[in-house]
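Student: Here are the chains, one letter per residue:
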Amino acid sequence: MMETTPAVRQDQAIDELAFDAALAQLGEVVARLETGGLPLETSIALYERGVALHARCARLLDDAELRVQRLVEDAGGALRAIDLTPDDPDDEATPSA
Amino acid sequence: MSDDRPWERWLRRDDIPTDGPPDPEPPPWAGEPARPAPGQPAAGAVPRPRGESADAGGETERGLTRRSPSTSTRPGHSASRIWTVGDVTRAMREVVRGAPAFRDLWVEGEIGQVTVSAAGHCYFTLRDGRSQLSCVFFRTQRLGSPFELRTGLRIVARGRLDVYDAAGTYQLYVESVQPAGFGDLALRFEALKARLAAEGLFDAARRRPLAPSPRLVGLATSPSGAVLHDIQHVLRRRWPLVRVVLAPCQVQGDAAPPTIVAALGRLARWRDPGTMAPPDVIILARGGGSLEDLWAFNDERVVRAVAASPVPIVTGVGHETDVTLVDFAADVRAPTPSAAAELVVPSRAEAAATLRAVRGRLDAAVERSIAGPRLALTAERRALGRLHPAAVLAGERQHAADLLDRARRAMDGRLAGDRARLDRAADRMPLLVRGRLARARADLGSTGSGLAALSPYATLERGYAIVRAADGHVLTHASGTSAGDALDVRLAQGGLDATVTSVRDSA
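Residue numbers (our numbering), protein chains in the order written: chain A, 10 to 106; chain B, 253 to 759.
The set of hints was computed from the structure by calculation and includes no laboratory data.
We treat Cβ as the ideally placed atom computed from N, Cα and C, and that holds for glycine.
Don't take each hint at face value.
Claimed, not checked - Ranges between beta-carbon positions, derived for each pair: (1) G86(A) with A507(B): 17 to 23 Å; (2) A507(B) with D83(A): 19 to 25 Å; (3) A605(B) with D72(A): 14 to 20 Å.
Sequences and hints are given; from them, build the entire structure.
Tutor: Dropping the structure here:
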């Protein structure tokens, strides 16, 4: 079997990365590739990873939808978050200006 | 008003010199203690008719002051005529009404006795160490007051001074009341600022940098104001990748500071269920308002909570010109709530531009790094081609061209549709190649990347091997080796460490 390189092994995690983490990793990939002198196999694996990271970033930018939640504290002091529908001027419990 | 204006005659008769105005400076009633009024202020209406007499008892026959015209220091008039009581009262009223300072004045003092009539009007006295002043607070104004008057409170009352004929008293007709000290908010602001600054709460060194790209933004503001809407709008446009967690609080009034402190505390305690991380930053925001409206953000408890927050805080309170003490204690002060939202997140447009630039570098870098191997591969393929039937070789060439096409498309980022192109290309392939290609295509998986095709390993899938000498260079001629040399044989799946047992020179 062809050994699994770290780059390949991490592929699954790319879809979990936050934008800044994915962009940072993409920057590292590019920096390594630009250094040169890598075995072809490594170059290709890096490039594939770079493409996947790029796709992750692009998808996050294109598809993201703002999510707003509201903290609620129960009697015991425990916090939980409930979704706030967009621009729902919620709440009569805490009146203010 | 009566046509009979004896005071005017008096004034004329006294031939007031131009340097001595009819209203002596200071007016005789100013700065002079009124006679202590043990009972209620005079009830009943003053210039306005009123339906009831509010006070029971305590009504005393009070002289206006000791300074009736007959006891004035003004010389030469005292015995010249006999005044009626009404004359005196009306004269006083005219004088009082004629003094601009009395039309709108602020009086600070402690509230003495308070009586509220059945109609809702409030009568009270304001006093300081030596004096007291009767005050009337009519129902309409009183219901708009932020608090109920009660004995012992120190307040600043704003209103006009007038004379109540029936009782012969002057009274303050109150328009509004505020707790004492609100009149010098600026002084209190500066005093608290100086005190907290001396403690180091506002030191620049305390300010923390903000995360360049927060994942979770805490928001402490009113859940019902326009501010929440505005901030959401900015974040949705600028960086919708962020998540927002709102901790509602009141942002105005005496009750607001504890709710703000509690909201900041909840946000700092909050852990995102996914990452178990606290918010990366907290926005503390409020829309514009008067200095009094914004006063909760000058509250010492709030300022201290902001300074002590474990999570960096960005304030956006009021308008650009408004400065509150929390602004000094915050890690970053934004001029408005919307500006605070702009400030905490990166720009999607800028991020997209950065991403494009990095992608360009990625493609250029991989082009450079595969240029050498690709040349070697071409040479290898040429050598192999000599061993194959011409028909297959033609197919291989076409395939190679196709691979390079696909590589370029991959470089362009136009990956969509690759699979369809691959299928069309396969239709043009000789059957022999098509079968192998199908296997290669399966290996491409679903990534959509054309890179597998760019790799020389796609060729290996067709049964070829790459043989490298110990120094890593690709062998194309047997003559470069001798028995005993170590070789690295690269196969489609894995590789071999091999040793040359003998060398066959070919023609």
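Student: Take the hints in turn and mark each one as holding or not.
Tutor: Verification of the supplied hints:
1. G86(A) with A507(B): 17 to 23 Å: Holds, at about 20 Å.
2. A507(B) with D83(A): 19 to 25 Å: Since A507(B) and D83(A) have Cβ atoms about 21 Å apart, the given range 19 to 25 Å holds.
3. A605(B) with D72(A): 14 to 20 Å: Holds: the Cβ-Cβ distance is about 18 Å, inside 14 to 20 Å.
When held up to the earlier numbered hints, the structure conflicts with none and fits them all.
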